Amino acid sequence: MTTQSVTIILAEDDDGHAQLVQRNLERAGLLNGFLRVRDGQELLDCLASRGDSHQQTLDDALVVLLDINMPRIDGVEALRQIKANPVTHRIPVIMLTTTDDPREIDRCYELGCNVYITKPVEYEGFIDAIRRLGLFLQIVQRPRNGGS
Amino acid sequence: MKPRRVTILRKGLLVLALPLVYQALFIGLLMKRQSDVGEAQHWAMHTKDVIEKTENIFGLLIATQSSLRGYLLTGNDSFVEDMNRDDRAAEQVFAELKKMIQDSPGQQVRFAKVLANAEARRNYQHIVMDMVHRDGIEKTQAEIKNLKGRELMDALRVSLESFRAVEEKLDAERIENLQRSTTTQNWLLLAGLALNVGIGALAATMFSREISSRIQVVTANTRRITDGETLPPLVAGSDEIRELDEQFHLLADHLKSAGVRERVYQEALERRASELTRANRDLEQKNQEIEMFVYSVSHDLRSPLVNLQGFSRELALTRKDLQDLLQKELTAEDRQRATALADRDMAESIHFIQTAVTRLSSIIDALLRLSRAGRVEYHPKMVEMKPVMQRIVEAMRGTIVKRNAEVIVADLPPVWADPTAVEQIFANLIGNAVNYLDPARPGRVEIGSMAREVEGVDKPQTYFVKDNGLGIAESYLPKVFAIFQRLHGDVATGEGVGLALVKRVVERHGGKVWVESEDGVGSTFFVAFPSEIKDSPLAGVAPRKERLNVTVSHS
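In the order they appear, the protein sequences are chains A and B.
With my numbering, the residue at position 98 of the first sequence is 98, and numbering never jumps.
With my numbering, the residue at position 433 of the second sequence is 433, and numbering never jumps.
No lab work stands behind these hints: they were computed from the structure.
Keep in mind that this is a model prediction, so the values were computed, not measured.
Using N, Cα and C, we set each Cβ at its ideal position, and we do this for glycine too.
One or more hints might be untrue.
[Stated by the list, open to error] Derived coverage of chain B by chain A (criterion: at least 3 residues anywhere in the stretch with Cβ under 8 Å from a Cβ of chain A; other residues may be distant):
#1 295-302
#2 309-317
#3 352-364
[Stated by the list, open to error] In silico SDA-like pairs for lysine to any residue, Cα to Cα no more than 20 Å straight-line:
#4 B:Lys479 to A:Arg107
#5 A:Lys83 to B:Asn468
#6 B:Lys320 to A:Arg27
#7 A:Lys83 to A:Arg23
#8 B:Lys169 to B:Asp239
#9 B:Lys169 to B:Ala112
#10 B:Lys169 to B:Ala44
#11 B:Lys328 to B:Ala338
#12 B:Lys479 to A:Val115
#13 B:Lys256 to B:Val218
#14 B:Lys48 to B:Gly38
#15 B:Lys320 to A:Glu26
#16 B:Lys11 to B:Asp239
#17 B:Lys99 to B:Ala116
#18 B:Lys479 to A:Glu104
#19 B:Lys320 to A:Ala28
#20 B:Lys32 to B:Asp239
#21 B:Lys320 to A:Arg23
#22 B:Lys479 to A:Pro71
#23 B:Lys479 to A:Glu77
[Claimed, not checked] Label pairs and their in silico Cβ distance ranges:
#24 A:Pro86 to B:Ser475: 18 to 28 Å
#25 B:Ser475 to A:Ala48: 11 to 21 Å
#26 A:Ala48 to B:Glu406: 29 to 39 Å
#27 B:Glu406 to A:Val87: 15 to 25 Å
#28 A:Glu110 to B:Glu275: 35 to 45 Å
#29 B:Arg344 to A:Val87: 32 to 42 Å
#30 B:Pro413 to A:Val87: 49 to 59 Å
#31 B:Gln354 to A:Ala84: 50 to 60 Å
#32 B:Gln354 to A:Glu110: 37 to 47 Å
Model the full structure from these sequences, guided by the hints.
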């Protein structure tokens, strides 16, 4: 397993969901860097501040987990802004939401999200989704490692 | 009452009768003329008779003269018999003539002279016969020359000639008279016939002209009716043509009013169609809202369910960890770990499970409240708005003071609505305005009214609640009235059902609610009530359905 540190930013307004995601990432051994924000606006602010101070690592060391239904700026709008901004558009974005509406999924893919995962109520499924997410994140990082 | 009608039949009879009357008069005249001619003929014949009888007498007198002479010469008595017979015949003819000339006094004088001469002549004859009886034939023959028989005869002849000449003159006059009469009669006949033909032709022409010209007018009227033109005044007269024209005028009026009715129906139909289109659009919108509502509710129900599932699973995992720990001798480290599991993990899981249950419960409560808002019966009346607003503001006094806010209530017109509903609506709006003020500046909430056209609301009475609070981002505006949408989730508590409730209540009053806002500057919520509550297009929908469609909008 790579030792390269990856910062996962979770944008999630529901504390319980955030906690569950965090615990399962922990179990999967993916909690190298974890940051949680409560809505889209906070996420964008956070990215902007990191962009200023960590220009070097912004592209390759960040993954965003994004809920859709959030106050102020929702997940879809946040996704749009991230993908529209040349500084942040290469950051992998994983939509993580209770919504399984196909139209919503299509819209997110159109806007450029990398993966779309629904939060299943069924717990085993949820854990499985997080686990797959862990595998995915490892794959995402491998080329960068090989390159360096 | 009704004036006597001059029908075409009567006119026709009149046309026939005129020549007939004329002909009758004419025939009467002709007959009179005919009898005049007949009289003239009679008098002409009469004169001829008189002349004939005069000649007859003359012949008889000549014959008696001859018989006398013959007797005197021969002494044969047969001559005497002839003479007496002729004398008697002459006597008879004289008597007839006398009767025939009674009409002419001049001829009577002449006839008297003839009679006198004839008497004298007869006396001569008697004298001669007496002489023959007394003196014998020879002596008489000798004496006779002295008796001047010839002179007597001549006088008689002269007087007769005179009588006859006058009579012949009369005859000529009368024949001429007769001819004149006949000629006049012929001319009269010709003129009468010509006049008859003329009168007939004139009557026929007038009749046909009057009838045909008016029929042409009526025919033109039928064409005008077909073309939808206005008809000229009724044709003159009171016959069948007039009646026909009257019927056509009635028909035209009927058609015109039918046209007007048709237009009215057409307009009503178009109005209905546009109402239907609008209702359809409303329904479509409501349908979309329901979809969004169901989507929103399912999402909001699923969110706490994820927590419920997740943390109960976490609890199970923690329980297993604890069980594993408890199966062996507990080291100090294990004990610390077990304590951490119980205090940290289990407590956290239980906390989230409880939160999720509370959330689910409040969602269900909110749904029930919304459902009740659709069901509750309203009792609209005129509501004085200012006291209502003041009551609401008074109830929120604590929050208002805490937020350092100022609430200004302008003079407000009354509204026709359910008082409880009005209070519910404005309590929500004013509550929102106060709760979402910007802490960075002194809060100010204004409540007022305005006159403004509002689409879909009849004679709207519009009120507004204006604040200088946090405001709403443009991208969020469409969701403001939808259920379970909370923009400033961190600023105040709530289930996100307040504005959905407001929208539902306002719409049940036939009104409209909308918002204008600028992020970071403030929001203004508008509520428009119709001046009178009318049946909404959805009034006939069953309560259950109606309940469904009221709600979804935003916030």
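Against the structure, the hints:
1. Residue count for the stretch 295-302 of chain B with a Cβ under 8 Å from a Cβ of chain A: 3. That meets the three needed, and the coverage hint holds.
2. Closer than 8 Å: that is the beta-carbon criterion, and the stretch 309-317 of chain B has 6 residues meeting it against chain A, so the requirement of 3 holds.
3. With 3 residues having a beta carbon nearer than 8 Å to a beta carbon of chain A, the stretch 352-364 of chain B meets the requirement of three or more and the stated coverage holds.
4. For a cut-off of 20 Å, the pair hint linking B:Lys479 to A:Arg107 stands: about 18 Å separates their Cα positions.
5. Annotation: proposed proximity of A:Lys83 to B:Asn468 is violated, straight-line Cα distance about 33 Å (limit 20 Å).
6. A C-alpha spacing of about 15 Å is found between B:Lys320 and A:Arg27, which places the hinted pair at or below 20 Å, so the restraint holds.
7. A distance of roughly 28 Å separates the Cα atoms of A:Lys83 and A:Arg23; the hinted pair therefore is violated under the 20 Å criterion.
8. The suggested pairing of B:Lys169 with B:Asp239 is violated, with an alpha-carbon distance near 66 Å, which exceeds 20 Å.
9. Note on B:Lys169 and B:Ala112: the hinted pairing holds, with a Cα-Cα distance of about 19 Å set against a maximum of 20 Å.
10. For the hint linking B:Lys169 to B:Ala44, the alpha-carbon distance of about 11 Å falls within 20 Å, and the restraint holds.
11. For the hint linking B:Lys328 to B:Ala338, the alpha-carbon distance of about 12 Å falls within 20 Å, and the restraint holds.
12. Distance restraint check for B:Lys479 and A:Val115: the Cα-Cα separation of roughly 26 Å exceeds the 20 Å cut-off, and the hinted pair is therefore not satisfied.
13. The hinted pair formed by B:Lys256 and B:Val218 meets the criterion: a straight-line CA distance of about 18 Å does not exceed 20 Å.
14. Taking the CA atoms of B:Lys48 and B:Gly38, the gap is near 15 Å; set against the 20 Å cutoff, the hint holds.
15. For the given pair, B:Lys320 sits about 18 Å from A:Glu26 by alpha-carbon distance, which is consistent with the 20 Å threshold.
16. Restraint check: the Cα-Cα separation between B:Lys11 and B:Asp239 comes to about 9 Å, which is no more than 20 Å; the hinted pair holds.
17. Taken as a hint, the B:Lys99 and B:Ala116 pair is honoured in the structure, with Cα atoms around 17 Å apart against an allowance of 20 Å.
18. Only pairs whose Cα atoms come within 20 Å are accepted, and B:Lys479 paired with A:Glu104 is accepted, the gap being roughly 16 Å.
19. Between B:Lys320 and A:Ala28 the CA atoms are separated by roughly 18 Å; this keeps the pair inside 20 Å, and the hint holds.
20. A hinted pair counts as satisfied when its Cα atoms are at most 20 Å apart, and B:Lys32 with B:Asp239 does not qualify at roughly 41 Å.
21. With a C-alpha separation of about 16 Å, the suggested pair B:Lys320 and A:Arg23 falls inside the 20 Å cut-off, and the hint holds.
22. With a C-alpha separation of about 11 Å, the suggested pairing of B:Lys479 with A:Pro71 holds against the 20 Å cut-off.
23. Of the supplied pair hints, the one linking B:Lys479 and A:Glu77 holds, its CA atoms being roughly 14 Å apart against a limit of 20 Å.
24. For the pair A:Pro86 and B:Ser475, the beta carbons lie near 22 Å from each other, so the given range of 18 to 28 Å is met.
25. At about 19 Å, the CB distance of B:Ser475 to A:Ala48 agrees with the hint of 11 to 21 Å.
26. Separation of A:Ala48 from B:Glu406 is about 36 Å and conforms to the stated range, judged on CB atoms against 29 to 39 Å.
27. Between B:Glu406 and A:Val87, the C-beta spacing of about 44 Å breaks the proposed range 15 to 25 Å.
28. Roughly 39 Å separates the CB atoms of A:Glu110 and B:Glu275, a value that falls within the hinted 35 to 45 Å.
29. Taking 32 to 42 Å as the suggested C-beta distance range, the pair B:Arg344 and A:Val87 conforms, at roughly 38 Å.
30. Look at B:Pro413 against A:Val87: about 55 Å separates their beta carbons, and that is inside 49 to 59 Å.
31. In this structure the hint that B:Gln354 and A:Ala84 lie 50 to 60 Å apart at CB is violated, the actual value being about 41 Å.
32. Take B:Gln354 and A:Glu110: their Cβ atoms lie about 39 Å apart, and the range 37 to 47 Å holds.
Violated hints, in rising order: 5, 7, 8, 12, 20, 27, 31; the structure is consistent with all others.
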